[in-house]
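Novice: Residue-level listing of the chains:
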Amino acid sequence: MEMPILETKGLKKYFKTPRGNLHAVDDINISIPKGHTLGVVGESGCGKSTLGRVILRLIEATDGEVLFEGDNILKYNIQQMDAMRRKLQIIFQDPFASLNPRLSVSEIIADPIRTNKLLKNRKEIEERVVELMQTVGLSERFINAYPHELDGGRRQRIGVARALALDPKFIVCDEPVSALDVSIQAQILNLMMDLQEERDLTYLFITHDMSVVKHISSQVMVMYMGQCVEIAPTDELFEQPMHPYSQALLSAIPVPQLRHDRKKRQLIRGEITSPINPKPGCRFAPRCPYASEKCTGESIPLTERSTGHFVSCVL
Amino acid sequence: MSHLLEIKDLHVTYRGDEAKVYAVNGLDLTLDSGQTLGLVGETGAGKTTTALSIMRLLPERIGIIEKGQITLDGYDITQASDADMRVLRGSLVSMIFQDPMTSLNPIRRVGEQVAEVLELHQKNLSKEDIDKKVDEIFQLVGLPVERKIEYPHQFSGGMRQRIVIAIALACQPKLLLADEPTTALDVTIQAQVLDLMQELKEKLDTATILITHDLGVVAETCDQVAIMYAGEIIEIGTAEDIFEGKDHHPYTTGLFGSIPDLSKKERRLHPIEGMMPDPTNLPSGCKFHTRCPHATAICQQQEPPFIKNGTQGICCHLFADAAGNRGSQEDK
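So the protein lines, in turn, are chains W and S. Mapping the first sequence onto this note's numbering, position 172 (from 1) lands on 172, and the numbers just tick up by one. Mapping the second sequence onto this note's numbering, position 205 (from 1) lands on 205, and the numbers just tick up by one.
In isolation and in its complexed conformation, chain W is listed as follows:
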């Protein structure tokens, strides 16, 4: 396998709270080869967004390493990191909140170019903005529009254009289509896949929507309470989910087809427990239908069940 462009080793982020440490990201090891997409799925509060932000150093990690092209960027000083940020970008979930309402479309897209002093000449900057707008399928007539004049799909295109402005190599996509209608969602997903092919981009794609992840990822990681419970090549995970939580997640998705047999879904009981000072052992055990005494006591390591398919479960 080719050398991964991004790797994390034992990455941890604990937030201090009055009641103890909140384990938002707990010992995550991933490795994404260039031009591929790792999908990160899980329910709200499982730490998937924190993971994306810790990788970009928008939040400082508690422990562990983030290797970009083999170099640990967590050790970088501010100047080194500033230079590095050009290669690492992020697209946010909410295209309404992530754009400055007082800047016009061209100012928003040009902002990273100006900040990094990539181009100085005004005309050059404008040309670059127009080019970026074309790339993401935004009509040039919106160049002087303000975000409130545009709908969600177009706003998200601005978010994509802004992320592309510095020609990054790696983009964290934090639920980029969750706030959009299905027909618009499909347009943006297609756009992101096209861009990936054209520019050999690498994505960390964070979402709670299993069907979106299936389309865009080559590899999927399922997170539960800060930990990776299963990681596998996409097709393999969807055909043979092994962790009971992955199975439950998959069976909970409403499928747009009638089920004549009306098979009872495998529902998991209860809700996510508190991630503050979690007990050792499997964190999913309180909700797991197969839980036994083997699941508590000590932590359960990820084991490789078949090539590239890791599961953390005693079953």
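Derived by calculation from the structure, the hints in this document are not laboratory data. Cβ atoms here follow ideal geometry from the backbone N, Cα and C, with glycine treated the same way. There's no promise every hint is true.
When the alpha-carbon atoms are kept at most 20 Å apart in a straight line, the in silico DMTMM-like pairs for lysine to aspartate or glutamate are as follows [to be verified]:
{"id": "1", "chain 1": "S", "residue 1": "308", "chain 2": "S", "residue 2": "240"}
{"id": "2", "chain 1": "S", "residue 1": "20", "chain 2": "W", "residue 2": "82"}
{"id": "3", "chain 1": "S", "residue 1": "123", "chain 2": "S", "residue 2": "84"}
{"id": "4", "chain 1": "S", "residue 1": "20", "chain 2": "W", "residue 2": "65"}
{"id": "5", "chain 1": "S", "residue 1": "174", "chain 2": "S", "residue 2": "84"}
{"id": "6", "chain 1": "S", "residue 1": "174", "chain 2": "S", "residue 2": "116"}
Output of the computed footprint for chain S on chain W, the stretches with three or more beta carbons under 8 Å from beta carbons of chain S [said to hold, decoys possible]:
{"id": "7", "stretch": "189-200"}
{"id": "8", "stretch": "223-231"}
{"id": "9", "stretch": "267-280"}
Since the structure of chain W is provided, determine the placement of chain S on it from the hints.
Specialist: For chain S alone, kept in the frame of chain W given last:
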């Protein structure tokens, strides 16, 4: 037999600062007891406006029912006085909103909030009776009775939505309007809430209109499906018609093409090009013609007829030709 809910030629507009917004444009709908209708469409299709019209909760002086009739269990909703509506709301028809965080009162105990509905609508009940009923309702929706003295912020999202459902069902309304009841919830919790609604429907024989943009949710819960676009129902039928029938409105086909399909390996999606039209300035003829791959000259000029074929109805010129003549369109 008369229907529980009958909407005839409903037109709703909003007064905007600059222009009139045409939110619902000639909507016809019927629903019987015990049925679940899925009202599907994108943001701005007029789904929520339709539900608010039935509740008569359109923003005062801004949202206006211009034309049409809504009959619910024999009452003419459009003509009812505000006082009458206050009686009907909660007892005959109730609504579940999308966001359980904002639809509960943060400074009142959840038990009191359920009891409030009973106090308002069933005045003959004693305090003890109401207490007993609240406990029953809590059990019905799967909430631990001892938690009724807690406040909304102490509950998780799924639990809060159960409280909202408990409030909506407290007086056993005949019609329940659920506006994206699970959109704010995680999938595993969504599955729990959907199962609960299904179970309650069977127990109480409540008719439900489920507003959603998620065709997966519709497939799991609804018997009838109506697809809305730009304030009109462009296709309606039984769940079998919509999910398994072969004739569809091009917009319906587009909607299905946009959904990432778990069972297929194909990577590219087939979205509908373009966007929803501006509701202050709707296109002439068929409102979908600007995005429709099959649009012809007639689509720009004439509003398409509503073609009824068995249980299914499609509003499209394509099927007018197939039906042979325009005489087969439904009489309104």
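Novice: Any hints this thing doesn't respect? Which numbers, in order?
Specialist: 2, 4, 8
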